[in-house]
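There are 2 protein chains.
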Amino acid sequence: MKKFINNIDTLIDESLSGFTKAHSDIVELNPQPHFIKRINPSKSGKVAVISGGGSGHEPLHAGFVGTGMLDAACPGQVFTSPTPDQMMDAAQAVENGGGILFIVKNYAGDVMNFEIASEMIDFPNETVLIDDDVSLPKNHSTGRRGVAGTLIVEKIVGAAAENGVDLPTCKSLGDRVNEVTASMGVALSSCTVPAIGKPTFELADDEIEMGVGIHGERGHETIKMRSANDIVTQICEAIDKDLKPQKGQLGLLHVNGFGATPLLELHLVYNIAAEYWGQKGINISRSLVGNYTTSLDMAGCSITLSLLDEELIKYWDAPVHTANLRWGC
Amino acid sequence: MKKFINNIDTLIDESLSGFTKAHSDIVELNPQPHFIKRINPSKSGKVAVISGGGSGHEPLHAGFVGTGMLDAACPGQVFTSPTPDQMMDAAQAVENGGGILFIVKNYAGDVMNFEIASEMIDFPNETVLIDDDVSLPKNHSTGRRGVAGTLIVEKIVGAAAENGVDLPTCKSLGDRVNEVTASMGVALSSCTVPAIGKPTFELADDEIEMGVGIHGERGHETIKMRSANDIVTQICEAIDKDLKPQKGQLGLLHVNGFGATPLLELHLVYNIAAEYWGQKGINISRSLVGNYTTSLDMAGCSITLSLLDEELIKYWDAPVHTANLRWGC
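Protein sequences appear in the order of chains A and B.
Each residue of the first sequence is one higher than the last, beginning at 41 in the numbering used here.
Each residue of the second sequence is one higher than the last, beginning at 41 in the numbering used here.
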């Protein structure tokens, strides 16, 4: 394993320190327990939006802390849930009279620890659970995983909160975005967790993993390598079958790199996916292509489709000023 | 080789098509010959800024076409210079009465083809040659390579041009930014050019390549893997020796990922580099961390330091609206 590391035990500390130094106009780091919080003060009565999860998915979530998106992010160790004290202290730091909305990816550890924090804090709070990964059936024992659609929920709910929308409405808006969002990923290679030092899973030189999770969880099928057209079509068909978009609907198409796949290829994937949805009569009116919800150094990508309406477009387009998503301000 | 590709011959076409679809509010593609041009019309008399080079370094250069940066970008095949007809047609398309400034990375093919275009077009034009890579000696036979510092020249000169600065002044400004900018890279792995299908160079499991070029050119030293502190210090010392920044000077610190290195590690690298320059008395007042000048799927990164003054800061901070660099508008 070759990585830019001094010591496994200080990796997250050093990385967060670098992140907050590089973006000291937007965020600050609470060192103990770890959380990143926005610097720009929020209006009194604003719902505070908090997310978090294991590290290794950067820029998710810390890269989305700032005006118009998250008020705080709680990073765990690599691929490991943050602990409840992180969410509790973050809530204490950013609550501003409007209550707390937690945005949580559906993984057992995250769900449990955010639930504990939710019960322990004295502020009104709600949780939006993200489960956009259609590679697992809807009746899967632990439910579906939350993957790249998380960013879309964070952006839209973050904009609503910034615009003074109240806690119950932010909660129902977040649930609604989650319901109209579907994602699926494919790995061309495994990732390597620094503390483990070897690939999470094995893939032959001619194999790819369809439906892979963002921690390298095996998907629903290991298949032979094939053309980009075939891979992308297979993913889009799975999304289509699940989300059932109707002709004429507006869509946000997000092609997300897992970390080691060049933009050159991600744009090619986008091109195929955009053609696919165009042929289905979906009007792709918003797009996002790049590395946003990564899996360390995994090669591969995911495709996410969110169905939009006027309200969702308004909040997607609203100004955002974070380290890794920035427009309109 | 596992990549998202249909056909090597159509890779660039399909990727550019996806890029321009995803960013149709900012850029448009001229299909034959290939160039990307900004959509937002420029003010009459504005200097048109054009760059280009081999593909495989995305988002450089097409991702920086838009208001406040490049007027057009000419992409070649992977790691291959664009041809003069691309630059000539791009110049024809974006010239608006202020002449053309070409920004060219110092590689023999790029230099030759941009020179031909420069001689063939009827508009007044100047060229800024970028050679920020300090891993080669100043008296190297073909000169030093142009690497991640290119983006900084493009941003600053692009802002000056947008502000109505004339051609000779844009040219001297670009030369000045190049002179105060120094970069050096390190590879932890090779990249794989799609048409070749195997790694460009070999590195043992415990080796890294110091001073690597952005096409996988061997650097000045293959060394044993070591701590991030040691690697970053060695790079910063090379930059320090060359650039000779003075105590109290302002700096822009850019940590650039080559494609397959996670942000988690790039932020850790930034942390070490920022500490290094802080101890030298350099005031790092601007930062950029991420994958900007990539080498396909290479693991590794480069560090760039630009010395700033009030004028350069003003242009760095000026509004920019491109696919991959966006602030202030």
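These are computed hints drawn from the structure, not numbers from a lab.
Since the model is a prediction, treat every value here as computed from it, not as a measurement.
Among the clues, some could well be false.
Intra- or inter-copy, both count: the list cannot distinguish identical chains.
Claimed, not checked - Pairs of lysine to any residue, SDA-like flavour, derived with a Cα cap of 20 Å:
#1 K42 - T232
#2 K43 - T232
#3 K281 - S84
#4 K43 - F241
#5 K354 - S212
#6 K287 - S327
#7 K354 - C369
#8 K178 - Q274
#9 K211 - I156
#10 K264 - I45
#11 K42 - F241
#12 K287 - Q319
#13 K42 - E242
#14 K42 - P239
#15 K61 - W356
State whether the alpha carbon distance between K42 and T232 is at most 20 Å within one copy, between copies, both, or neither. both (10 Å within a copy, 18 Å between copies)
Checking K43 and T232: alpha-carbon separation at most 20 Å within a copy, between copies, both or neither? Intra 10 Å, inter 19 Å, cutoff 20 Å: intra and inter.
State whether the alpha carbon distance between K264 and I45 is at most 20 Å within one copy, between copies, both, or neither. The answer is between: 14 Å across copies meets 20 Å, while 34 Å in one copy does not.
Status of F241 relative to K42 across identical chains (alpha carbons, at most 20 Å): both (17 Å within a copy, 16 Å between copies)
Between copies, within a copy, both or neither: which fits K281 and S84 at Cα up to 20 Å? neither (43 Å within a copy, 51 Å between copies)
I want to check one pair: K178 and Q274. Are their C-alpha atoms no more than 20 Å apart within a copy, between two copies, both, or neither? Within one copy, since 18 Å is at most 20 Å while 52 Å is not.
Between K42 and P239, at a C-alpha cutoff of 20 Å, which is it: within one copy, between copies, both, or neither? Both: 12 Å inside a copy, 16 Å across copies.
Homomeric proximity label, K354 with C369: Cα distance no greater than 20 Å: both (15 Å within a copy, 17 Å between copies)
First find the shortest C-alpha distance between K43 and F241 inside one copy, then the shortest across copies, and answer within, between, both or neither for a cut-off of 20 Å. both (18 Å within a copy, 18 Å between copies)
Is it within a copy, between copies, both, or neither that the alpha carbon of K42 lies no farther than 20 Å from that of E242? both (18 Å within a copy, 14 Å between copies)
Within, between, both or neither, where K287 and Q319 count as close if Cα-Cα is 20 Å or less: within (9 Å within a copy, 60 Å between copies)
Go through the copies and call it for K211 and I156: within, between, both or neither, with a Cα cutoff of 20 Å. Within one copy only: 18 Å inside, 60 Å across.
Checked against the numbered hints given earlier, the structure breaks only hint 3 and satisfies all the rest.
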